[in-house]
Amino acid sequence: MGWNSWNKFACNVNEKVIRATADAIASNGMREAGYEYVVIDDCWHGTRDANGFITEDRERFPSGLKALGDYIHGKGLKFGIYSDAGTKTCGGRPGSQGHEYQDAIQYARWGVDYLKYDWCSTGVRNAEEAYATMADALKASGRPILFSMCEWGNNRPWLWGQKMGNMWRTTGDITDKWTGKHNYSWGVASIVDMNEPLWPYAGPGHWNDPDMLEVGNGGLTDTEYRAHFSLWAMMAAPLIAGNDVATMNQATRDILLNREVIAVDQDRLGQQGRRVARDGTSEVWVKQMADGGRTLLLWNRGETLARITAEWTTLGLPADVRLKARDLWAHKDLGRMSRRYSAEVAPHGVAMVRLNP
Numbered sequence: 001m002g003w004n005s006w007n008k009f010a011c012n013v014n015e016k017v018i019r020a021t022a023d024a025i026a027s028n029g030m031r032e033a034g035y036e037y038v039v040i041d042d043c044w045h046g047t048r049d050a051n052g053f054i055t056e057d058r059e060r061f062p063s064g065l066k067a068l069g070d071y072i073h074g075k076g077l078k079f080g081i082y083s084d085a086g087t088k089t090c091g092g093r094p095g096s097q098g099h100e101y102q103d104a105i106q107y108a109r110w111g112v113d114y115l116k117y118d119w120c121s122t123g124v125r126n127a128e129e130a131y132a133t134m135a136d137a138l139k140a141s142g143r144p145i146l147f148s149m150c151e152w153g154n155n156r157p158w159l160w161g162q163k164m165g166n167m168w169r170t171t172g173d174i175t176d177k178w179t180g181k182h183n184y185s186w187g188v189a190s191i192v193d194m195n196e197p198l199w200p201y202a203g204p205g206h207w208n209d210p211d212m213l214e215v216g217n218g219g220l221t222d223t224e225y226r227a228h229f230s231l232w233a234m235m236a237a238p239l240i241a242g243n244d245v246a247t248m249n250q251a252t253r254d255i256l257l258n259r260e261v262i263a264v265d266q267d268r269l270g271q272q273g274r275r276v277a278r279d280g281t282s283e284v285w286v287k288q289m290a291d292g293g294r295t296l297l298l299w300n301r302g303e304t305l306a307r308i309t310a311e312w313t314t315l316g317l318p319a320d321v322r323l324k325a326r327d328l329w330a331h332k333d334l335g336r337m338s339r340r341y342s343a344e345v346a347p348h349g350v351a352m353v354r355l356n357p
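Just so you know, we're using the working numbering here: the sequence shown kicks off at 1 and counts up by one.
Since the hints were derived computationally from the structure, they do not count as laboratory data. Fair warning: there could be bad hints in the mix.
Only pairs whose alpha carbons sit at most 25 Å apart, straight line, appear in this in silico DMTMM-like list of lysine to aspartate or glutamate [stated by the list, open to error]:
#: 1; residue 1: Lys177; residue 2: Glu196
#: 2; residue 1: Lys16; residue 2: Glu36
#: 3; residue 1: Lys324; residue 2: Glu303
#: 4; residue 1: Lys139; residue 2: Glu196
#: 5; residue 1: Lys181; residue 2: Glu196
#: 6; residue 1: Lys78; residue 2: Asp57
#: 7; residue 1: Lys88; residue 2: Asp49
#: 8; residue 1: Lys324; residue 2: Glu260
#: 9; residue 1: Lys177; residue 2: Asp70
#: 10; residue 1: Lys75; residue 2: Glu311
#: 11; residue 1: Lys177; residue 2: Asp193
Per label pair, the in silico range of CB-to-CB distance [unchecked claim]:
#: 12; residue 1: Ala325; residue 2: Gly123; range: 51 to 57 Å
#: 13; residue 1: Leu269; residue 2: Thr47; range: 43 to 49 Å
#: 14; residue 1: Thr281; residue 2: Met337; range: 36 to 42 Å
We treat Cβ as the ideally placed atom computed from N, Cα and C, and that holds for glycine.
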């Protein structure tokens, strides 16, 4: 869990933004809710020095990344950074190809805890070999650095990624829209459809990554953002906020800080939830939990209010078992019920319920 600069700030990132973000996460309840990584995405780079080591852009980061990393650590948070397996990053800055070991050493010197590693300008490079090279370089750096592989799913990293990294992107970039393809990016519902079938490949320490959160960036309704956040939690996805957390409104805060939904995402069993029933634009999802219970999600992809029903048998449960139900968005116990759960669900919305014996 953490925050990344790209979705909101893109290349308009600098030391002031990162410090303000770290301050906000440390003071607004996000750190206590589990958000720990502050990740600077593309465009922090300067040039390579005479020995080939990467430097930071001192106009954007006048104190340097070592000092900025120290500041982030001083807030009880962890420091993340971005690079690319090609000759240039997606933003045209120096990539790590041919400099993997030097870059890993530099990251360790700066106190980096997390590396997002992109896939632009890679030409005919073999993806598995390219990511293995950087993984080896990070291990050789002497510092534990979480490795986030951003290969966009082109070379099916779910088949090989867990040998070298902690998480792998399964899709192209997300955008702050509900569905469809928009240039090189995809809306939330489209990302879900690409990531959901990959549930067998996720587990503790190796996660399918459907990209960062768009919650709070203004392109969707709060109902849609709640669905977005809930679906990421059901898919055991990394929860990487992508909004301006220093200025977010109360509705956005309530979504990102919903401890009960976060607990579903972070459940120690690590099972990715999946779709178990679909009727037109109505879907039923289930996620097995470490305590023996299940989390149930009803998703209305349609344009009108819909009543959605989940039968216990669809969830792999005996029909007559009586279960305690708790609404994770209303934060309300619903009592015991058997056979099924049914709810009226708003257009593009979800109902999310924890079921326990």
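Run the structure past the numbered hints and jot down the numbers of the failing ones, going up. When the structure is compared with the hints, numbers 3, 4, 9, 10, 14 turn out to be violated.
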